[in-house]
Structure formats: C-alpha cells, structure tokens
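2 protein chains.
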Amino acid sequence: MRTKITQILGIQHPVFQGGMAWIADANLAAAVSEAGGLGLISSINGGVEAVRREIRKARELTQKPFGVNIMLAAPDAAEIADLVVEEGIGIVTTGAGSPAPYMEKWKAAGIKVIPVVASVAYALKMQELGATAVIAEGAESGGHVGDTHTLALLPQIIDAVQIPVLAAGGVFDGRAAAAMFIMGAAGVQVGTRFLLARECRVHPVYKERLIKASDIGTMVTGKSLGDAVRALKTPFTKKFAAMEADPAVSADEVRAFGTGSLRKAVFDGNLAEGSFLAGEAAGLAKREESAQEIVNDIISGAEALLKTAPDLIYGE
Amino acid sequence: MRTKITQILGIQHPVFQGGMAWIADANLAAAVSEAGGLGLISSINGGVEAVRREIRKARELTQKPFGVNIMLAAPDAAEIADLVVEEGIGIVTTGAGSPAPYMEKWKAAGIKVIPVVASVAYALKMQELGATAVIAEGAESGGHVGDTHTLALLPQIIDAVQIPVLAAGGVFDGRAAAAMFIMGAAGVQVGTRFLLARECRVHPVYKERLIKASDIGTMVTGKSLGDAVRALKTPFTKKFAAMEADPAVSADEVRAFGTGSLRKAVFDGNLAEGSFLAGEAAGLAKREESAQEIVNDIISGAEALLKTAPDLIYGE
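For the protein sequence lines, the chains are Z and E, in the order given. Here the working numbering runs 220 ahead of the position in the first sequence, where the first position is 1. Here the working numbering runs 220 ahead of the position in the second sequence, where the first position is 1.
Just so you know, these hints were derived from the structure itself, not from any lab. Take these hints with a grain of salt, some might be off.
Under the rule of at most 27 Å between Cα atoms (straight-line distance), these lysine-lysine pairs were calculated in the DSSO-like manner [said to hold, decoys possible]: (1) K459/Z / K443/E; (2) K325/E / K527/Z; (3) K277/E / K453/E; (4) K432/Z / K443/E; (5) K432/E / K443/Z; (6) K527/E / K345/Z; (7) K432/Z / K345/E; (8) K432/E / K345/Z; (9) K453/E / K443/Z; (10) K443/E / K458/Z; (11) K506/Z / K453/Z.
Here are the computed distance ranges between Cβ atoms for each label pair [unchecked claim]: (12) E299/Z / R421/E: 58 to 68 Å; (13) E513/Z / S434/E: 32 to 42 Å; (14) A328/Z / S434/E: 30 to 40 Å; (15) K325/Z / S434/E: 28 to 38 Å; (16) S434/Z / E307/E: 37 to 47 Å; (17) D296/E / G350/Z: 39 to 49 Å.
Backbone N, C-alpha and C define an ideal beta-carbon position, used for all residues, glycine too.
Chain Z on its own, in the form it takes in the complex (with noise of 0.2 Å):
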C-alpha cells in the first residue's frame, strides 16, 4: 500500500509500531521495518546510552528505516535529542511535550518530525514549527491519553492542517486500518497489537492479560493529577482509582504509588504494583503473533476491504 507518508519516509506500508516507553526497544523496532513497517525506538529505555546501544543493534538487525520516539516530558530529553543527530536517526515522533526547542536542530540534520497530537490546536501548532506529519492520536489508545478519541479527532485534525495525518488509538487490525484510510489517513499507528509481538519483551503474564482483556477491559487513571493514562483494569488501576477518588490521599501520595509502575508490568508482570498499559482494542487480541504476521494482517486485511468497497453500496 502507497500512501504519502510511505513515499516520504521510504517505507513499504503505511504502519508505525507506536514508541513505547520500556518496551520499543531495537528488537521491536527492527522487526516491525523488517516486516516493511516503520518500527520506533523508545527515548525512555534505561537512559541516553542504553537508548544509543538500542539504535546501534537495530542498525544491525536492518537496513531498512527506522525511528525514535522521544517523550519531551522526561528529564533526558534533551540529551535524547541530541543523541538522534549523533546517531544519524532519520525519523523522530515526540510525545508528552512540545518539540519546539530541538526543530532547528533536527530539521538541519535532516530528521523528519512526526509529533504524536491530541488536538486540533496542537496539530496546528506543531505544523507551524515544521513537521513532516503529524499522528492524530485518539484517547482509546493504551499510556498517556488526551480527551477526544479517533473516529471524532482525525477528521477534525484532517480539516486542520495540510500535512500528512496518521491515526493512532483503537487501530488493531485491517477493518480499522482501512476506515482509517477511507477516511483520509496516511497512515496508522499501532501499539496495543506489537504488545503481543514475539519480538515484543513484555513479561508473559502482560500478554496474557491481552488475550483476556474484553471490550471493557482498560481504565483511564490519573485525570485529577492531570496525567490520564489508559491502562488493563487490574488490582493496580482499581486501587490508582480509589486513591484518586479519596480525598484523604494526596495527589503526591497517588503519584508515588503509580512511580516505576510500567516497569512492573513490564519486567515483572506485577499485577499488584504494574501498570499494564494498553488500548481499549486489547479486547480484540487473540495471541501471540511475530511482527511480520501483525504489519500483514493488518495491510492484507485492509487492503482486502478498500479493494472491495465499491460493493458495500449495492450491498445486500
């Protein structure tokens, strides 16, 4: 599939693996470019050096393009961005901030900037300061979220701008890949499914809890701490939420609990203390999978229902 963004970038399908943090490591991410995708390293993977020691390994493990994530938010940032230019990285998505300060410096080494957007106002705002594109991200998707979700937002943020559009946030197999595209998307990008790639190093026990996951199996936390994230519905969330919603526990209180909860999840498949982030489509995931069945899935099947969609007028 050719979209804009495929021929921008130099990319066989028009399908990112989102970037993330303790888990988009160079496995992930050599795999999914490998399979013709665009994988992404996560700038939150131990630090600047072991982030550098990742790009390094996915360098070995392809040739073909991949990026780095960078979440501005964290202390490192800074120093991330500039690792990207030593690395000779082409392609970064930011996240969690604004990545005004670093555009100048990108732009100059040639980085194309894609910045993961939660709004029509920071669409603008980021097309301003010179993206390649931006990634309309819908609140259904798994980690940090914002208000509106995919189906309301893209088209909002379509109308918008001018560059390229990906969609991002309840995107799991080839029917919503191709909505996406109908309605006007260059691309997708995809998380909760790479969570259950056999590159993928989540700890068993969070891919187990993928497959169990039913329509109604996430929760946003943290709104009162101005902090939502989507995460599985697990005694952690449950008891995140009642702290919230006591007003005898502190918002720092809230905060600490919730301090190296990913990692848990993550590395040790802690159900009590680990944050088990994922999209509201987990409730669509079945098993295990390698990368490369997951990009073509997703691009045969949407492809399948674009080829054939001249049918659904005359339908039944």
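Could you slot chain E onto chain Z? The hints should help.
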C-alpha cells in the same frame, strides 16, 4: 446505499437519527424519514399522551417508516411499551435498560427491536432476546455513554453477534459513515449532526454553541453517580464536574443540580443551568441544514469514498 438494515426495515439509506430525549419529535423524525433515513421519536417528550400525539403527527408528515426510541429507565416505560403496540409502530430502538419485559409483546405485534448497546456482553444479551439488530454506541456520542469508543467497540461487537450491527458515536459526515461501513456496520446512527437540522427544535443558542464547539469542546460528567453523560463544556458542566469532585457535596445534591437541565438547554438555551448534550464530533459542526441535506451529505459522501477506496491502495 443498500445494506442488511435497509432491506429489513424497507428504508432507502442506512442512516438512523438518534432518538434524543426532549429533542426527537415528529417534525425531526418525519423529516429524516422523508429524506430516506430512519427518523425516531423519543419516548421522553412530555409523557405518554404527548408521545402519542407526536407519533400521529409524524404519520401525517410522512408515509415512510419511522420508529420510537424508548428510554427504558423512565418511570413510564411500561406505558410507552404498550403505546407503540397500540399505535402500530413497526420499529423500536431502546436504551438505558433491558427491553426483556416487553420483547414477547413487541414481537407478537411484529415490531422490530433494535437496542442501543455499549458492550459486547449487552449485545449478546440483546441477540439472545431476539433483537433484529443492535446499535453499537461508542462513548464519543452525546448523552448517556458507556466506557468504550466506536472504533474499538464496533469490531468487537461485530465479531460477537450474528445479527446486523449499526454504529453510533462520532459519526458526523460521510467519512465516518464510510469508515463504519467498511468495518462491517450495516448502518449508522447520527445524533449530534441532526441537532443542527432546520427541523430540529433545539433553542438557537444550542445550535450556535454546537457550531462554535472545538474538537475538545465536550466533556463527560456524572461518572461518580453511575450516570455518565457527554455534553458541551459550558458553565453548567463545569459546575457539575466541580460539585462531583467536591467531597463536601453529596451525590443527591449533584443529582438535584442536574434535574431538568436538558430541558433548560433545549427550550431555553440556558448556559448556566442547561445540559447541552453533544458528541465529540460537534467540532465538525458548521451550519444549520435541512434533514434532507444532512442525510444526502452523509450518504453521498460515504458512497463517493467507498467507490474510490480501491484507488487508495496505490494512492500516491
């Protein structure tokens, strides 16, 4: 456009108008049905006899099929359940409760029952009860909402049931409609956009506020009461949310503040005390139009996208 649902109901276009309380009257429903969609009269319209009058008035305004949406949690639901049989209504949609007590009677009267559902479990229950179809309503929609959003909810419900599934929540124009059809929906239900119909009686301030709304212009309140509702952000919703968050304010006081608020929005355009129910797609609202223009725009937009969808594969 022909789908399973147009065939079953004998309607021209697979577009339902949401049966919005205090809003969906004979004028609106008849105008939507005349335009080839399915108009629906709300059972919350001022009592059983008022609903009877609306039904009879709609019959004078159109020969085409229309239906009644029954809010099952309402105190007069049992009387409305009899009314639709007495008045020879052919199509009933239901919300906010289980239609189980009435299914036998309705089926004996030849009524096709299409419940609005917000989860897979509820969709399965409705199929078991003999529903003709279900409307999978994502929490992007205005009014009472569940937890899961359309892009993630629709495929999970389609995978779970054998009856036709319509999609609601976030469907404003032909883009979202095409997206829902390509994902397998047999139809779409549209609420917010029909608030802008010339035939819709909501106060001019309601329509103005919809047209001014941005992509982040709605919010959900009432979660703490077990009664989550999406509406435009106004002085009323902000105060409601603040009362909910305040441990010094009892749930009863919050509920009392909300009582009658929808009518104050619909009839008085009262921003301080009115609840302007609206979905996330309100940000796409641009102008008042006739119901005919709205239905035509949604369907012609969707058909044009479905027709050219194969070109997307080798698009750029």
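Legend entry - Hints violated by the structure (listed by number, smallest first): 2, 3, 6 and 17
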